[in-house]
Each structure stands twice: as structure tokens, then as C-alpha cells.
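Given chain G's structure and the hints, the job is docking chain F onto it.
Protein chains in written order, with our numbering: chain G, 9 to 268; chain F, 3 to 267.
It is possible that part of the hints are untrue.
With a Cα cut of at most 25 Å, we get these calculated DMTMM-like pairs of lysine to aspartate or glutamate [unchecked claim]: (1) G/Lys60 / F/Asp4; (2) F/Lys33 / G/Glu49; (3) F/Lys33 / G/Glu36; (4) G/Lys59 / F/Asp4; (5) F/Lys8 / G/Asp109; (6) F/Lys8 / G/Glu36.
Which residues of chain F face chain G? A few of them, derived with a C-beta cut under 7 Å, are [what the hints assert, rightly or not]: (7) Arg184; (8) Val204; (9) Leu230; (10) Asp238; (11) Tyr253; (12) Val261.
Simulated from the structure, these hints should not be mistaken for lab results.
On a predicted model such as this, the values are computed, not experimentally measured, just so you know.
Note that beta-carbon positions come from the ideal geometry of N, C-alpha and C, so glycine has one too.
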Amino acid sequence: MLLQHKVAIVTGAARGIGRATAIMFAAEGASVAVADISLKEANDTASEVRKKGREGMAVFCNATDGKQVSDLVQKVVANFGKIDILVNNAGGLPSTAPVEDMSEEEWDSVVDLNLKSTFLCCKYVVPHMKARRSGAIINISSLGATSPPSSNVHYHSGKAGVLGMTVDLAVGLCPFNIRVNAIIPGPIRTAFFGSRLSDDVFFAELGKTVPLGRVGAPEDIAGAALFLASELSSFITGEFINVTGGLPLAPPRARSVPAK
Amino acid sequence: MDLCFKGKVALVSGAGSQIGFGKAIALLLAKEGCDTVAVTDVNLEDAEKTADAVKKLGGGSLAVRADITRKAEVDAMVKKVLEKYSKIDILCNVAGAILHKDNVPLDQQDGEVWTRQMDLNLFGTMNVTRAVLPGMRERKYGVIVNIGSGSTHQYSMGVGMYAMSKFAIDLFTKQLATAESRSGIRVNCVAPGPAPTNFGAVLREGLPPPTPEQAKQMRERMLSTMPLGRIGTAADIANATVFLASDVTSYVTGQVFHVSGGSVM
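One chain only, chain G, in its complex shape (with noise of 0.2 Å):
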């Protein structure tokens, strides 16, 4: 059991990479608070949780919104007593325009979604970690931020923020011993993909632009945090992690746009 008595909180985790990582740290010991704004499939992972033999509780909470996410932090500590571990799951893409197209409402809710929630959930849930000298934060990033396979300039820009944050806080709270740090999933078959999830066809010939041939399984993901929450990576901070089956195939300088 790699996290034993340890309490985690997983924004996102309704579904998909976030569902997987709850349901993980669960199996390793963990109790979960389950964020998300979709409460029926966040109740419906907290109950994976339990039935692992865990504390799970679903919490109905929008993560660009910084009073609930306040609440969401008193809850689990209400309940809980304490916080050890934070995964910054929650994010999206909802919508996409040309950057000339894109309309300044467009461009706030999505760095919002990806970026200011992941601020706001360190903000409120830090003061706990480092009243206790001990913490693991875990952003979820994208490959997009690092290699963008097209121009999403709101969603990759929030995600490289995400980055830059999480340099910036494994810097100021290494003396709390908290440690900071990210993952970069390549491509993972979750509802990212929307109407298409279901479209098998689609992932076998998007998995063979991967190196290793196949498209990313939330559990992937979901691994890579397990270590990254755990004490196996107590000497790693302000690392970034790719889980990207391995792409990009060369560094983005390198990179050849095919012409149109």
C-alpha cells in the first residue's frame, strides 16, 4: 500500500483520467474527496472508492470558482481531518476558435478552467499541507502546452501556465516539504475526445501517430500519479512527467509542419 492514512483530493475526477486516479489511490490506501461539477458521476466514483475499502465523498464544486473551492477544502478537512495529497485534474477544452476568432470570453473561461483552478485549489488547500510540513501537489497538464499537435491557444496557453506554476510553487514550498509537480499526458482515450470516445476506429488510427502505437488509457495517467503522490518520489519536485507513449517524436523546435 503506497499511500496508506493518506487523504487526497482529485478535482475532475467525475470521469476519465481524474475517475482513474481516484480509484487508484483508493486501491493503494488512500481515502478520496471526488471534485467535480458533475455530482451523479462524481457520487458513482466515490463509490468505486469505498468499495475498495475507503473513505470516498463526492463534492459538487466548480474549480474556477474560489468560494467553493474554500468550501471544498473545509469539507475534506472537516471531514478528513487533514490533506496530503491534491490532484489538479480538473480542465478541458470545450470550445476552439482561430486565435483571431477567438472572442475574450472564450479565451477567460478556458484559461480559467485549466489554469485559475489550479491556482485557486493550491491556494485554499497549501495553508493545510504546510501546517503540517508535508504534502504532494500533482498537476495534470497537457502535451499541448510542450508540442501542440494544432493551434488550441487558450487551452495550450492555460496548460503551460499550469507548467510554469508548478516550477513556481516546488520552488517556494520545498521548505514546507511539499512537493509540486506535473504530468504531461500525450493522448488518453477519456471524454477530452467527446462524441468520438466510443469510436474505436478513430483511437486505432490516431494510436498509430504514436510511437509506441497505441492511444493512452486513463490508468496511465493514473500510474504515474500514484508514484508522484507517493513516497517513492520524495526527492522529486518540480518535475514534469510525459505519459505520452512516446511523443513528441522530436523537441518543438524540430518539429516539420506539413505543408497544405
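Below, chain F without anything else, positioned relative to chain G:
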């Protein structure tokens, strides 16, 4: 958590040193259920000590001597392991050393040492990997973990061939990962920050032993550069290496993992 090491055969090079990363990795692999851990080193007696420790944990083990800079010795070493265990699933390229002191001005450096440093850390690692690779390809399964170094990202120690050889290991990791990505073979690298191995002895060679006061100052100076407030341990490196050697990371390849206590970000 089950790291899926049941039935696996690992080879750890440079696992003879009784205070080094190789031994810690070999023992952790065995502890996590890896059936067999072959232990190689340039010093057979040391390799045997580690092999005995693996056996005490209930794992199978075989100690083989080879100087990794000599292709014939490497080929014979790998052949010996394959003859006994018929396959190698996991290769941990730990063998390597630092052959020079830090902060020697370039114009006072010995070109012979440059050659020997590359020979050992880069070409030696390539020799072992080259010998193990065909079997992994044939079986469409293989995990390779190279040991790099945090020194590739720190320029305060002057012009050093050691760090250059380890930077070459980073690139070797990425090139090989890409080249073999469709062969079922993953290749990653763990880059340790400062840790208590026999490297310190090389750096201090020929110098009078420090007084207790000097030793205390050296320790404090070192700790002041470590954001997490401590230097690394062989266990830190073994944890990351064994994680990357496991199928938990089956979607991770071509990566360099810094285990540096925040000293490399």
C-alpha cells in the same frame, strides 16, 4: 501495487558497489517480485556480494564480470545470462563512473581522460544495450532504464566530460526510444542529483581527509543548494528506476526523470 515483475528477468550493470545505485536497484527489483536479477560489474567479487543479497530476498541471481568498454566481454556477459535464463526483460544501465575532478580549467585537462570517460559512460552503455537489444526485439518486450545525471543541467562545476557523457545518455535514451518504439521496447533515463556514492572519493582523491570542521562546512554548503533540504539516497534512485522498469509506466518512453530534490527543475 503489483508492478508486474512476476516471471521477469532483469540485468543490472554496475551493481557491484555496495553503496551504489545498482545494488539498490537490484535489491528493490527482487523485493518487488522480479524473479531473476542478473548482477554485472567490472569487479566479480563485488557483483557476487550483490547477487547473494538478491538471493537472500528469494530472487534468482547470477553474478557476471565484464568491463563494459570491451565489446567481447560484454557479449560474453549477456550470452551467459541468456544461457542461464533464456531472456532479459529489463536492462538497467547503471555501470559508469566519474573519472575526473570538478572545476579543472579546460586547458589543464587530459584528453586521455575525455576518451576514457566517453568510452565508459556512453560507449559502455551502448555496448551492453546493443548486446541485449536483439532478444528484446525478438520477444517484442523490453524495458531499458539508463542512469543519467543532474550534472547535465548544472554548469557550476566547470567544463566536465562526465556531464557531457551523461548528456549524451539523455540523447541516446530519446533516439533509442524512438527507434525501438514499435518493437515493444521502452527506453527511459533516471538522472540523479547529489547522492552519497563512491563519486565523492574520486573528487577528493589525493586530497588530505577533511577535518571534522571542514566536513561540516562541506555538508552545509551542499545542503544549502538542495531545495528539499537533503541530498539523495540510493533508495530515491532505485524507486524511480524500478517504477520506470515496471508496466505501470507502459505509456512512458524517451523520458529523462530528474530525481534531484529540486536541484534541477
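To see whether the hints hold, each was checked on the structure:
Among the hinted pairs, G/Lys60 with F/Asp4 is consistent with the structure: their alpha-carbon atoms are about 15 Å apart, no more than 25 Å. For a cut-off of 25 Å, the pair hint linking F/Lys33 to G/Glu49 is broken: about 38 Å separates their Cα positions. Restraint check for F/Lys33 and G/Glu36: the C-alpha separation of about 18 Å stays at or below 25 Å, so the hint holds. Distance hint between G/Lys59 and F/Asp4 is fulfilled; the C-alpha atoms sit about 19 Å from each other, no more than 25 Å.
With a CA separation close to 55 Å, the supplied pair F/Lys8 and G/Asp109 exceeds the 25 Å bound. Our distance criterion of 25 Å between C-alpha atoms is met by F/Lys8 and G/Glu36, whose separation comes to about 19 Å. Below 7 Å, beta-carbon pairs count as interface contacts, and F/Arg184 has one with chain G at about 6 Å; its hint therefore holds. A hinted interface residue such as F/Val204 counts as satisfied when its beta carbon comes closer than 7 Å to some beta carbon of chain G; here the least separation is about 22 Å, so the hint is violated.
Because the closest C-beta pair between F/Leu230 and chain G is about 5 Å apart, less than 7 Å, the hint holds. Proximity of F/Asp238 to chain G holds as hinted, the smallest CB-CB distance being about 4 Å (cut-off 7 Å). With its C-beta approaching chain G no nearer than about 4 Å, F/Tyr253 sits inside the 7 Å limit, and its interface hint holds. For the restraint placing F/Val261 at the interface with chain G, the shortest Cβ-Cβ distance is roughly 5 Å, inside the 7 Å limit, so the hint holds.
In terms of the numbered hints stated before, the structure departs from hints 2, 5, 8, listed from lowest to highest.
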